[in-house]
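Chains as they are written, first to last, in my numbering: chain S, 20 to 203; chain V, 89 to 167.
Keep in mind the hints are simulated off the structure, nothing from the lab.
Quantities reported herein were computed from a predicted structural model and do not represent experimental measurements.
Backbone N, C-alpha and C fix where the C-beta goes; we use that ideal spot for every residue, glycine too.
Treat the hints loosely; a few may be bogus.
[Stated by the list, open to error] Stretch-level coverage of chain S by chain V, calculated; a stretch enters the list once three of its residues show a Cβ under 8 Å from a Cβ in chain V:
no. : region
1   : 32 to 38
2   : 138 to 145
3   : 168 to 176
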Amino acid sequence: MTETPSFADALIAAIPNLRAFAHSLSGDGQLSNDLVQETLLKAWAHKDSFVPDSNLKAWLFTILRNTYFTHYRKSQREELDEDHAAMNACVPPTQLTQLEFEDMRKALMRLSPDHREALLLITAEGFSYEDAARVCGCAVGTMKSRVNRARSRLVDETSGQPPKSEGDHHRPAEETPPIKSSSR
Amino acid sequence: MHHRFDEPEEHSRSDAKITGGERHPEAEADRAAVARLPGIATQLIGERMRVMYSTMVSEPVPDELLNLIRKLESKEGSD
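One chain only, chain V, in its complex shape (with noise of 0.2 Å):
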């Protein structure tokens, strides 16, 4: 079973009882930070996929790779 992104670590959300369940303005800032991590993190991982693979998109293509399709091209013209 896999934990929620957006779900804040066990020790953050003990954070309340241990000083007593007062609200710090700070504390709760820390934790909103904590929580949104993961989704920042998956929001990352897809930019940095993106890029590695639309680096890979705009490699040159073979020759070989074009000039088997111009010759499967020409092959059937001529049948």
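Okay, chain S solo, but in the shape it has when bound (with noise of 0.2 Å):
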């Protein structure tokens, strides 16, 4: 017989691909340590507004990349070093040589954040492109197009071409999406 696993095993179970999203996303290791933690917290409080047998991951990646969009705006309005976010690999890899890895790391940190998290949902977390749109708040169609600008952005990057001028670098103010369950 098999137990539906608690709310408390499911945060657990997600926190790796919570993890690695949120380091993708930030380029940081303890940036990234934190926002998982914050979003953990939040998902806790607000557990009673997630509805069971919908999509807990994406749920869970809406807070995170709400949180880290908090924390992008605010460190903009700071002005921090923008390159911090290349740094700070805190795992060496184990399939691709370092160079690569490293390569691919500054590559995706150039991408503009609305670019980098779009390219992640789709190519790494493997999300479709309607639970993606969802997590970030946006169209289906918008979220298609910035996978292809991000990923056609990658490929000039690593062609050696000089990238073209990417319009929304920096990204606009934006209405965070409320913290609630996907309907999936």
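Put the two chains together into one complex; each comes in its own frame, and the hints tell you how they fit.
This is how it looks when you write it as structure tokens:
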């Protein structure tokens, strides 16, 4: 007989992916742990708003990205060194060489946060465009466009072509979607 | 406006005009390779990204995060 995992167990199971997403978004190992911790606290505090049997991962990722963008906007205002995000690799790669790993990370960090999260959700996390759009609070078409632009930019960078200017590099102020459970 | 990944480079498209429009199998193969490159690059980037990401996912979870959940759970249980 299988027992339904508790909310706590489900949160624990999601931690590795939350950390990877936070680390890839922020580029900072310590910050990513702080973001995950804050996400877990918010999720626990709002767990009554999570609809059982809906997509917990998408719900948690929504909280995490909103937490990150709140931090990001704050750090933009404080004019933190924009390169800090490309530093602090904390784990040696096992399948990519260190150089490839760093190149990939740095190239990723040169994308705008919008494009970075779109590429991470679709390419790395394997979210559907619909779920990723829900997480980011945008239209599915916008998500597709962001992924294409992000890919195009990474291809340009890795092929040695000068990257095209990214019109929305500085993310405009955007309303943070409310913390509520995904419908799926 | 972005170019399409599968669109050949301008210089490769003009090769036929330079050579008088003759069709050479080797040149055709070169052009096809150029046309395919961006697609392959996109694929490689996707693969690299997934490898990088899965490496991060497999990192050990810090105890502080696990303890946090357990504390929240036990606090709720005692309330």
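Verification of the supplied hints:
| no. | hint | in the structure |
| --- | --- | --- |
| 1 | 32 to 38 | holds (count 4) |
| 2 | 138 to 145 | holds (count 5) |
| 3 | 168 to 176 | holds (count 5) |
In the structure shown, no violation is registered for any of the earlier numbered hints.
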